[in-house]
Structures are given as structure tokens and as C-alpha cells.
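Kindly generate the complete structure, drawing on both the sequences and the hints.
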Amino acid sequence: MRILSVETSCDETGVAIVEDGRRIVSNVVASQTAHERTGGIVPEVAAREHLRQLDPIASEALRRANTRLDDVDAIAATVGPGLIGALLVGANYARGLAFAARKRFVGVNHLEGHVYANWLYQGAEAPPEPDLPAVVLVVSGAHSDLVLMEDHRRFRLLGRTIDDAAGEAYDKVARLLGLGFPGGPLIERAAREGDPRAFTLPKADLAGRYDVSFSGLKTAVLRLVRDLEKKGAVPAPDLAASFQRTINEMLAERVARAAAEFDVRAVMLGGGVAANLALREEITRRVSLPLRVPPPKLCIDNGAMIGAAAFFSLRYRSEDIPTLVRSGLALAH
Amino acid sequence: MILLAIDTSGAYASVAVFDGAAVLGEVTWHARRRHDDHLFPAIERLLVLVGAELGDVRRVAVATGPGSFTGLRVGIAAAQGIVRASGVALVGVPTCDVVAYPFASSGRRVCVLIDAGRGEHYAAMYRTRRGVWGRTSDIRTVAIDDLVREVVRDTIFAGDVTPAMAQALRERLGRRAIVPSPSALVRRAGHLAEVGWARAEAGESVEPDALEPVYIRPPTIRGPAGEIVAPAGPEPASAVRRTS
Ligand SMILES: [Zn+2]
Numbered sequence: 002m003r004i005l006s007v008e009t010s011c012d013e014t015g016v017a018i019v020e021d022g023r024r025i026v027s028n029v030v031a032s033q034t035a036h037e038r039t040g041g042i043v044p045e046v047a048a049r050e051h052l053r054q055l056d057p058i059a060s061e062a063l064r065r066a067n068t069r070l071d072d073v074d075a076i077a078a079t080v081g082p083g084l085i086g087a088l089l090v091g092a093n094y095a096r097g098l099a100f101a102a103r104k105r106f107v108g109v110n111h112l113e114g115h116v117y118a119n120w121l122y123q124g125a126e127a128p129p130e131p132d133l134p135a136v137v138l139v140v141s142g143a144h145s146d147l148v149l150m151e152d153h154r155r156f157r158l159l160g161r162t163i164d165d166a167a168g169e170a171y172d173k174v175a176r177l178l179g180l181g182f183p184g185g186p187l188i189e190r191a192a193r194e195g196d197p198r199a200f201t202l203p204k205a206d207l208a209g210r211y212d213v214s215f216s217g218l219k220t221a222v223l224r225l226v227r228d229l230e231k232k233g234a235v236p237a238p239d240l241a242a243s244f245q246r247t248i249n250e251m252l253a254e255r256v257a258r259a260a261a262e263f264d265v266r267a268v269m270l271g272g273g274v275a276a277n278l279a280l281r282e283e284i285t286r287r288v289s290l291p292l293r294v295p296p297p298k299l300c301i302d303n304g305a306m307i308g309a310a311a312f313f314s315l316r317y318r319s320e321d322i323p324t325l326v327r328s329g330l331a332l333a334h
Numbered sequence: 087m088i089l090l091a092i093d094t095s096g097a098y099a100s101v102a103v104f105d106g107a108a109v110l111g112e113v114t115w116h117a118r119r120r121h122d123d124h125l126f127p128a129i130e131r132l133l134v135l136v137g138a139e140l141g142d143v144r145r146v147a148v149a150t151g152p153g154s155f156t157g158l159r160v161g162i163a164a165a166q167g168i169v170r171a172s173g174v175a176l177v178g179v180p181t182c183d184v185v186a187y188p189f190a191s192s193g194r195r196v197c198v199l200i201d202a203g204r205g206e207h208y209a210a211m212y213r214t215r216r217g218v219w220g221r222t223s224d225i226r227t228v229a230i231d232d233l234v235r236e237v238v239r240d241t242i243f244a245g246d247v248t249p250a251m252a253q254a255l256r257e258r259l260g261r262r263a264i265v266p267s268p269s270a271l272v273r274r275a276g277h278l279a280e281v282g283w284a285r286a287e288a289g290e291s292v293e294p295d296a297l298e299p300v301y302i303r304p305p306t307i308r309g310p311a312g313e314i315v316a317p318a319g320p321e322p323a324s325a326v327r328r329t330s
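Residue numbers (this note's numbering), protein chains in the order written: chain A, 2 to 334; chain B, 87 to 330.
Treat the hints with care, since some could be wrong.
Restraint ranges, calculated between C-beta atoms of paired labels, are given here [to be verified]:
| hint | chain 1 | residue 1 | chain 2 | residue 2 | range |
| --- | --- | --- | --- | --- | --- |
| 1 | A | R105 | B | R235 | 51 to 57 Å |
| 2 | A | G329 | B | V136 | 34 to 40 Å |
| 3 | A | G181 | B | V272 | 48 to 54 Å |
| 4 | B | G106 | A | Y122 | 50 to 56 Å |
| 5 | A | P296 | B | V136 | 47 to 53 Å |
| 6 | B | E130 | A | S60 | 23 to 29 Å |
| 7 | B | G193 | A | S60 | 43 to 49 Å |
Partial list, derived from the structure: chain B residues whose beta carbon lies under 8 Å from chain A [claimed, not checked]:
| hint | residue |
| --- | --- |
| 8 | T156 |
| 9 | A163 |
| 10 | G167 |
| 11 | I168 |
| 12 | G203 |
| 13 | G205 |
| 14 | D295 |
| 15 | P305 |
Far from chain A, by Cβ distances over 12 Å, these chain B residues were calculated [as the list claims (entries may be wrong)]:
| hint | residue |
| --- | --- |
| 16 | A108 |
| 17 | H116 |
| 18 | G141 |
| 19 | S191 |
| 20 | V238 |
| 21 | L271 |
| 22 | L297 |
Because the hints were derived from the structure by calculation, they are not lab data.
Treat the numbers as computed from the prediction; the structure is a model and nothing was measured.
In this text, a Cβ means the ideal position worked out from N, Cα and C, and glycines have one as well.
Take a look at the structure:
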């Protein structure tokens, strides 16, 4: 089964063709760079860029897959969560394709997409599917959700951020340190030159729950930067490394605790922040279960992960497929 | 052969089919801010109502704005998808042209007003000059108070004219202000269909990726404290990086 899938929930425009929910036939992604000047995503700018990019990218995804629309079996698009104006572009374009090509339209939860990115592969040889149940950490500029995946499409939300998403914290600290946008990769690069134990930063303790909070950490970095500025130079690499260590320890501690409590068979990551190598190392240090992380280009938002999730939506609990765009759609409750 | 017209650029959403001679059917509803929820069900229902098949649709016309940024993108994206999949002809029609069109035969000047939020309107003037109906001004953003100073002759005010605005226009302009009744101001895709058909006949079809929204206003960019830091000028050129 071939699915053409569209992703436009934030600042990546992606269209892919995925076979049987796993094999990537083509996966074209355009990352908007307009937001680098504003140091954050401007929703209206994002939506305009999606509309400008989407149709050419869809054509290119079909061309690279050497596929005609007639030969795909269903058409999928992210319907939430995300920026409403951005989501509406992708979902309505995809519904237009599905309507005129007489294909089924499959609305996909973006977070399920990040989870199912772990099922994707490229090339001829299919790697084994991840084992279930699993604990999944979806961390990005918009999300920091810790989820128990009991079975296909059966998710239980264990915890989430009560303020900023992890990626947002990265963006804000990167701005404080004058590193630029987006913060994740820039802090990771700066941290390589720094000492992760140079500074001790606070970790919010939410009474043993699985929720996380990054606002106290962000404020602590802000105060530290102001103090250091008064004394002279700000050691950005040391601060970046210490910040990254703190955030990774917070996330990894919760992953390890959940893996033990729910006796799962695997741990999976998803979302842009999952591309952070130090986060993987921190989790591997604490958890002896197999850790699945998609390759970096499948950690960022892309169409292929939506195609994977769409396939498993049709196979499991197909009665529960959304079609309407809802910016606040949740993965699980 | 029929043309499918889609307008989600304003408070009303409307879809219609036109066969070159008559509007065969039209579905129009007040969509508030949720155009997409009913768009495709409405199109499907409309085809059933008029007894047409999907394959009969050989042309698509879409209203390209100005209007609600989000709303107009819903219609454009939907039209692009339909046309990309079916390969039929596509025409984009600026929303102002659609709003003015039913008053073309009135012999009067027409001022189209489209709600732009923040107490402002997009405005454009239309009239027949040397026998040709068309727009005689740029589409621009105005405050109504400023606009009325420019009105020197009898003018029909069409588009997003609320009863309160109609009263204000009459108070300021007396009999020079002609405001149609609310039912005559409903945004109807039947008008779009007729204009779109004529433009398709005139060879004004475009490829889906060449369809340009008419935003007029650049995006508003807010700083960390919510203050407006832009627009400072024209919209920046497209900037993307292909990552795979
Ligand atoms: Zn994402």
C-alpha cells in the first residue's frame, strides 16, 4: 500500500510517498529559513511559505518516486497539533488531492507521526519493527511528551511540559547566548567545545510525576548570563554544555523511570530534539533496553513519518481517524 | 463541462457550479473562522445536488483574496490539490472582482469593501469606462473615515458592509451612498463562477503552483513582548532550505 503524505504543521513543508507504512519511496522536505531573521517562528510567515512551497514539493515527491497519483492508495496529511494556519494549508491541499483522485483521506496526528518515524527505513532491507510496549519521548520545538505506547495507536500520556517545550528552551537559551536560530543544533555544536559540569543549573522537581518544566532552567541561564556579562565574557560553550546536560538529564531520568515502572520492551525517541546525540547517550547510560531513534532527517518534521502513521491508522483502529484540522489535537490523555 | 467555484476568503464560505450558461447550484454558509470543516462535504453535496460527476468538472475557479489570510489559503490550497490531481483548468480571481461583479450592470461606481480587521477595510473602486467594466484603483487598506472623503459621486458600497457601516455611510454621504440590503451583500460563489468562466475562456488559466494569493498586507511580526516589530516593508522573498 502506497500513501502520499503531507506535513505542514510548523515550519517544514514535507511530502512523501511511503510503502506499507515503512519503506520511504520519496521524502521531500523544505525547511523555512525566513524565521532565522526573527529568531522564532512567525505563524503567518510559516503559512504563506507552506502555500508557496507545497504544490511544487508534492510534484517533486511524485516525480522522485516515479509514481502517479493514480497509483497511490490513500492520501494523508497532518491535522494537528500545530499552527492552525499552517495545518490548514497542508490538510486542504491533501483533501483536494484525495477528492479529485478519489482516494481515501487520512488525517494524522503529528505526534503519532514522530512516533512512527521509528518504523521507517530507506533501501531494500527492512529492519525489524520496534518492540511494544515502549516508552516514547517526543521532544521538539513544540512538544515534550512522554508517552507509553501500549500497542499500535494505543498511547497513554505519562507527562508533558507544563511550560516551554524542550526545543523552545533550546531556542531561548541559544538567543541568550547569541548563537542564533534554531537553537537545538547550534547549542549542541557549541556544547562540544564546552564543559558540561562548568555550571550547576536547577532541575525542576515536579514531585515524582513525569511532567517537565523548563522555565526555571531558562530563567537561571538568563540570570547567569547577566551576572557573567557584568564580570566580563560569557563562556557560551560552557553554558551551552551545562544547559544541554541539565535538560538531557531531566528528560533521561523520566524516560528511565517510566521504562522501569511500565516494564516496557523498548524506548523510542522522536522530534527535532531527538537528533541531539548527548540526549541519546544520557538515555543509553540509564536504560539497558533497546533505544530506537530515527535518523536526524526523520527526527525533524517530514512527510514520511505522516505516511507511516497513516498506514498504521488504517491498519489499527481505523474507526478512529480524524479528518478535521484541530490545532490542539492530543496524542493521548 | 462544468466549473467548480470555491470562495473561502471571507466570513462566508461558498461553492458553486456553473456550466457556462447558468449557475446550476450553490452552497453558501456563514463559516465564521472554520472554513475547512465543511468545505469538502459541501463540494460533494453540491455535485450530488446538481447531478454532476467529479469527471464533469473541467474548470476550477478560486477567490484569491484579499480577505482572511487563513481563509483564503484554505480555498487556494484545496483548489491547488483538486487541480493537481485532476489536471483541469484553474483560474484565480481576486475577491474584490467577485464582490463588484454583480453590480457591473448598475451603471454606477462600485466601492468594494472587505473586512481587513483592526477596524480597517481593503477597498477597491470599479466602474465602466469606455464600455469596459473593471477596477479603477489599486486594492488598498483604508479606514472608512478616510475613504468617504474621496467619494464624490453616487457609489454602491458592496462587500463587508455591516448595517452599522451602512448607516454611517449614509450619514456621511447622504444619497451618494448606495448600500444594497444584507441579502444582496452575501458573498456567493455563483458570481465567482461566472467571472472565473469568462477568464478561463480568455485563456487566463494558471498552473496550481502559479496561483498567487492577494494578501495586500504583509504578515504582522511581533517581538518577544507581543509588540509589533514588522511589517516594515514588502513581504520577503521565499526562503527555504531543502533538507532532503
Ligand atoms: Zn514535530
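Open item on the list: Going through the numbered hints above, which ones does this structure break? Give me the numbers in ascending order.
Closed with: 12, 13, 18, 22
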